[in-house]
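Student: Residue numbers (this note's numbering), protein chains in the order written: chain A, 1 to 111; chain B, 1 to 114.
Just so you know, the hints here were simulated from the structure itself, not pulled from any lab data.
If you're wondering where the values come from, they're calculated on a predicted model, not measured in any experiment.
Where hints are given, some of them may not hold.
Stated by the list, open to error - Below, computed lysine to any residue pairings styled on SDA-like, alpha-carbon distance capped at 20 Å:
id, chain 1, residue 1, chain 2, residue 2
1, A, Lys98, B, Val3
2, A, Lys106, B, Pro39
3, B, Lys65, B, Gln22
4, A, Lys98, B, Thr101
5, A, Lys98, B, Ser88
6, A, Lys98, B, Ser53
7, B, Lys7, A, Gly42
8, A, Lys98, B, Thr44
9, A, Lys98, B, Ser84
10, A, Lys98, B, Phe66
11, A, Lys98, B, Val62
12, A, Lys98, B, Asn50
13, A, Lys110, A, Gln14
14, A, Lys98, B, Arg36
15, A, Lys98, B, Ser9
16, A, Lys26, B, Gln41
17, A, Lys98, B, Pro8
18, A, Lys98, B, Ser27
19, A, Lys110, A, Lys26
20, B, Lys7, A, Val44
21, A, Lys98, B, Gln28
22, A, Lys98, B, Gly52
23, B, Lys7, A, Glu15
24, A, Lys106, B, Gln38
25, A, Lys106, B, Gly40
26, A, Lys98, B, Glu54
27, A, Lys98, B, Glu86
28, A, Lys98, B, Thr56
29, A, Lys98, B, Gly60
30, A, Lys110, A, Thr84
31, A, Lys26, B, Glu58
32, B, Lys7, A, Arg41
33, A, Lys98, B, Gln51
34, A, Lys98, B, Ser59
35, A, Lys106, B, Thr44
36, A, Lys98, B, Ala2
37, A, Lys110, A, Leu75
38, A, Lys106, B, Arg36
39, A, Lys98, B, Gln14
40, A, Lys98, B, Val25
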Amino acid sequence: SQQGEEDPQALSIQEGENATMNCSYKTSINNLQWYRQNSGRGLVHLILIRSNEREKHSGRLRVTLDTSKKSSSLLITASRAADTASYFCATGDYNFNKFYFGSGTKLNVKP
Amino acid sequence: SAVISQKPSRDICQRGTSLTIQCQVDSQVTMMFWYRQQPGQSLTLIATANQGSEATYESGFVIDKFPISRPNLTFSTLTVSNMSPEDSSIYLCSVDAGRGTEAFFGQGTRLTVV
Numbered sequence: 001s002q003q004g005e006e007d008p009q010a011l012s013i014q015e016g017e018n019a020t021m022n023c024s025y026k027t028s029i030n031n032l033q034w035y036r037q038n039s040g041r042g043l044v045h046l047i048l049i050r051s052n053e054r055e056k057h058s059g060r061l062r063v064t065l066d067t068s069k070k071s072s073s074l075l076i077t078a079s080r081a082a083d084t085a086s087y088f089c090a091t092g093d094y095n096f097n098k099f100y101f102g103s104g105t106k107l108n109v110k111p
Numbered sequence: 001s002a003v004i005s006q007k008p009s010r011d012i013c014q015r016g017t018s019l020t021i022q023c024q025v026d027s028q029v030t031m032m033f034w035y036r037q038q039p040g041q042s043l044t045l046i047a048t049a050n051q052g053s054e055a056t057y058e059s060g061f062v063i064d065k066f067p068i069s070r071p072n073l074t075f076s077t078l079t080v081s082n083m084s085p086e087d088s089s090i091y092l093c094s095v096d097a098g099r100g101t102e103a104f105f106g107q108g109t110r111l112t113v114v
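Could you put together the complete structure from these sequences and hints?
Tutor: Spelled out as structure tokens, the structure:
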């Protein structure tokens, strides 16, 4: 399976704190993406980082990618209660643009 | 971007029956993807559906159990056949925005088999 692993599996923090989630994957990739899922519903795309990029920012989100270690991290700064959700990394392969999802991190931000 | 409508949003079905899930996209797309998300788990790709050809199934998934139709560039169906309680999951339809870009997802179909 090409699915990656994420850690931690669950993270509980206070509002205002930063949350960091890590993702490791197994094969060469075209890009890596992070998604958010609220309450087991559809996924919302957060940010995409290409294999030739090392860091990317979008609002309160910062993503890093280390292709030599096959790992990525997602940092959410100044977290809010509304950030409570499950976060998944997904890797896109070169050939068919299929996505393989990591195991996910369940984030709980306490008000 | 793409807007994806999935039906039904949820269903409770008897074991041994089949359920067909519909996925409608508001634009023409080449490839559509079907995922399964078992309770508390991540998403697992079931198959890739191209218009005009047989779907391509991932390891562990077979056409007899999950037949897929793709009659045109905006629509696909996934059937979960001869259901058992182990099939209780969220099933999600997805399309890509083009090579190397983000994927868009429907809101999912929450299936419970009793």
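Student: What are the numbers of the hints that this structure violates, sorted from low to high?
Tutor: 5, 9, 15, 17, 19, 23, 27, 39
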